[in-house]
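Heads up: the protein sequence lines correspond to chains G and E, in order. Per our numbering, the very first residue in the first sequence carries number 1; after that it's consecutive. Per our numbering, the very first residue in the second sequence carries number 1001; after that it's consecutive.
Hints were generated in silico from the structure; no laboratory data involved. Take these hints with a grain of salt, some might be off.
[As the list claims (entries may be wrong)] With the C-beta cut set under 7 Å, the calculated list includes, among others, these residues of chain E facing chain G: (1) Y1032; (2) P1034; (3) K1037; (4) G1043; (5) P1044; (6) L1046; (7) V1087; (8) G1095; (9) K1098; (10) L1099; (11) F1101; (12) T1103; (13) G1104.
C-beta atoms are modelled at their ideal positions from N, C-alpha and C, and glycine is treated no differently.
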Amino acid sequence: DTAVSQTPKYLVTQMGNDKSIKCEQNLGHDTMYWYKQDSKKFLKIMFSYNNKELIINETVPNRFSPKSPDKAHLNLHINSLELGDSAVYFCASSQLSDNTEAFFGQGTRLTVV
Amino acid sequence: GENVEQHPSTLSVQEGDSAVIKCTYSDSASNYFPWYKQELGKGPQLIIDIRSNVGEKKDQRIAVTLNKTAKHFSLHITETQPEDSAVYFCAATPGNEKLTFGTGTRLTIIP
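Assemble the whole structure, with the sequences as input and the hints as a guide.
Here is the structure:
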């Protein structure tokens, strides 16, 4: 019973392509997030959705677009991929109203060649 | 917004010794401070957390202390074991807002 699952785990693609990463949580949480982890292991938040509404949109290129069809899903679409987009992307969820921990998925390692 | 600093960035300790990782935060409104452990190839996992109404919390070999006045909090791991080797992140939030993470500490336990 995976709490936060994201697919795919690995993604290798060429520059200029468009790709998507999917995320689903079965914890009944009201908030979902996308984080980017670079090669130095820094965790930077990209987006956050609360009850399907965008509440956090950090300084991220417009090529990145999150989509939340329902509370349990938050997908990340990336257009015109660039070499600098190579990183590990983590989806997470939490019950923001309770101010409790965030649960993370296992990550998607994106490599742009 | 919140800013969290974490030290050291790398830490090596002999198996059986203690390890201490320290974090400072900037927003005095922050009231929730979780610690995450990230093993190779996995997502961060919560190992312990503390809220601003307590000064210390312990769970077996792991403890966290919080000094609200100085705005810093620390993770203490005693009797370290090889499986404690990982990257550790502190985080802080004022509540109903995003978690702000520290920059991580790579802990290596030397057998």
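Tested hints:
A least Cβ separation of about 5 Å between Y1032/E and chain G falls short of the 7 Å threshold, and the interface hint therefore holds. A least Cβ separation of about 5 Å between P1034/E and chain G falls short of the 7 Å threshold, and the interface hint therefore holds. A least Cβ separation of about 11 Å between K1037/E and chain G goes past the 7 Å threshold, and the interface hint is therefore violated. Among the interface hints, the one on G1043/E holds; its C-beta lies about 3 Å from the nearest C-beta in chain G, closer than the 7 Å criterion.
Look at P1044/E: its Cβ gets to within about 5 Å of chain G, closer than 7 Å, so that hint holds up. At about 4 Å, the closest approach between the beta carbon of L1046/E and any beta carbon in chain G falls short of 7 Å, and the interface hint on this residue holds. Because the smallest distance between the Cβ of V1087/E and any Cβ of chain G comes to about 6 Å, under 7 Å, the interface hint for this residue holds. With a cut of 7 Å, the hint placing G1095/E at the interface with chain G holds, because the nearest CB-to-CB distance is about 4 Å.
Given the 7 Å rule on beta carbons, the hint for K1098/E holds: about 5 Å separates it from the nearest Cβ of chain G. For L1099/E, the suggested interface contact is upheld, since its CB lies about 6 Å from the closest CB of chain G, less than 7 Å. Below 7 Å, beta-carbon pairs count as interface contacts, and F1101/E has one with chain G at about 4 Å; its hint therefore holds. The interface hint given for T1103/E holds, since its Cβ lies 6 Å from the closest Cβ of chain G, which is under the 7 Å cut-off.
Using the Cβ-Cβ criterion of 7 Å, the hint placing G1104/E at the interface with chain G is satisfied: the shortest such distance is roughly 5 Å.
Checked against the numbered hints above, the structure violates only hint 3.
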